[in-house]
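> Between the sequences and the hints, there should be enough to build the whole structure, so can you do that?
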Amino acid sequence: MTALPEIWSYLSREPLLWLTATLVAYLIGDQLSQRAGRNPLVNPVLVAMVLLGGLLWVTKTPYQTYFAGAQFVHFMLGPATVSLALPLYVNRAQIRRALLPMVAALLAGSVTAIVSALWIARVLGIEGPVWLSLAPKSTTAPVAIGIAEQLGGLPTLTAALVILTGIIGAVIVTPLMRLMHIRDWRARGFAVGVAAHGIGTARAFQVNDTAGAFAGIGMGLNALLTAILAPYVVSLML
Amino acid sequence: MILAVAILLICQLLGETLARGLGLPVPGPVLGMALLLLGCLMLPGMAARVMPTAQGLLSHLSLLFVPAGVGVISHLDVLGGSGPALLLVLVISTALALIAGVLTFVAVARLTGNADATEEPRG
Chain A
251 MTALPEIWSY LSREPLLWLT ATLVAYLIGD QLSQRAGRNP LVNPVLVAMV
301 LLGGLLWVTK TPYQTYFAGA QFVHFMLGPA TVSLALPLYV NRAQIRRALL
351 PMVAALLAGS VTAIVSALWI ARVLGIEGPV WLSLAPKSTT APVAIGIAEQ
401 LGGLPTLTAA LVILTGIIGA VIVTPLMRLM HIRDWRARGF AVGVAAHGIG
451 TARAFQVNDT AGAFAGIGMG LNALLTAILA PYVVSLML
Chain B
3 MILAVAILLI CQLLGETLAR GLGLPVPGPV LGMALLLLGC LMLPGMAARV
53 MPTAQGLLSH LSLLFVPAGV GVISHLDVLG GSGPALLLVL VISTALALIA
103 GVLTFVAVAR LTGNADATEE PRG
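Protein sequences, first through last, are from chains A and B. All you need for our numbering is the position in the first sequence, starting with 1, plus 250. All you need for our numbering is the position in the second sequence, starting with 1, plus 2.
Some hints could be false.
With a cut-off of at most 20 Å between alpha-carbon atoms, the simulated SDA-like pairs for lysine to any residue come out as follows [as the list claims (entries may be wrong)]: (1) A:Lys-310 / B:Ile-75; (2) A:Lys-310 / A:Leu-266; (3) A:Lys-310 / B:Ser-76; (4) A:Lys-310 / B:Asp-79; (5) A:Lys-310 / B:His-77; (6) A:Lys-310 / B:Leu-78; (7) A:Lys-310 / B:Val-80.
These aren't lab readings, by the way, just hints derived from the structure by calculation.
Right under this line is the structure:
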């Protein structure tokens, strides 16, 4: 019989273990989220992140080892983004009618996301490359990292800020919209796609299909707009 | 299902090629989304073919962010000494962006006469 530490040292190097762990952690998060009646505070990504982060810490597993397994899940982000075309296609008539509100909300949401982050950070005494890394925080990670590099920010920090922004957006959007008595699913979805990219879009799909479709467009359009606006806004605020 | 996955990957591949080739500031998959939408508009059978797979992927979109999220948890030190301040910035700024976006959408929808279409009775 092979000793347990040997089995562990074999498994911990193989993608199988961490791929399985990722799916199981997500299933636990999703179950908890369902049991909590999709309460936004019990966000499945957040639950899975904390469970797996704890597991990596306890087993002293480096993130690179974990990612060798989890990359198969991560890879599916690309095809999933392409899939967003389907809800767009199904809701195309509704989207065409909402073209003007979308353009206006895109401008308002995108500019507010960039300017408010930079302004509040300055008030709190954040400066230099860390300050610059905040500018693209509401856009999807690959675009945000590209923008941060161009501005002189820190790519790794930007990636972390982007993910955290997504989770914060996904957690606060439902209570915030209830508080404001906004019942228009198009508006709710679009705003969360602009402010909190894919993680906000995932939350929107949990709540309502129309909201999900509009969130997907919001995310795509804001990736484009932030790439154009961020360097300009930063140069104005320097 | 394999056909659907192939269509999704082909769109992504074309998107990546276009984005890199033309130096566009948009990620390849987002361009791929636009290409697939064009495809669905031009070829009537396309949407029905891809739909089940796309719905399967989108209903578990959250799962796909877990690996990157674990990266943040295990690299929380990149936030450095300004961690709490940065979190405060993210919470306030995200809330403000949501409020600005949603209020603008609702106001312009009302002005252009298509408010609350989702609340119309269905059927």
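> All hints, please: hold or fail.
Verification of the supplied hints:
1. A:Lys-310 / B:Ile-75: Holds, at roughly 14 Å.
2. A:Lys-310 / A:Leu-266: Holds, at about 18 Å.
3. A:Lys-310 / B:Ser-76: holds, 11 Å
4. A:Lys-310 / B:Asp-79: holds, 16 Å
5. A:Lys-310 / B:His-77: holds, 13 Å
6. A:Lys-310 / B:Leu-78: holds, 15 Å
7. A:Lys-310 / B:Val-80: With a Cα-Cα distance of about 18 Å, the restraint between A:Lys-310 and B:Val-80 holds, given a limit of 20 Å.
Of the numbered hints listed earlier, not one is contradicted by the structure.
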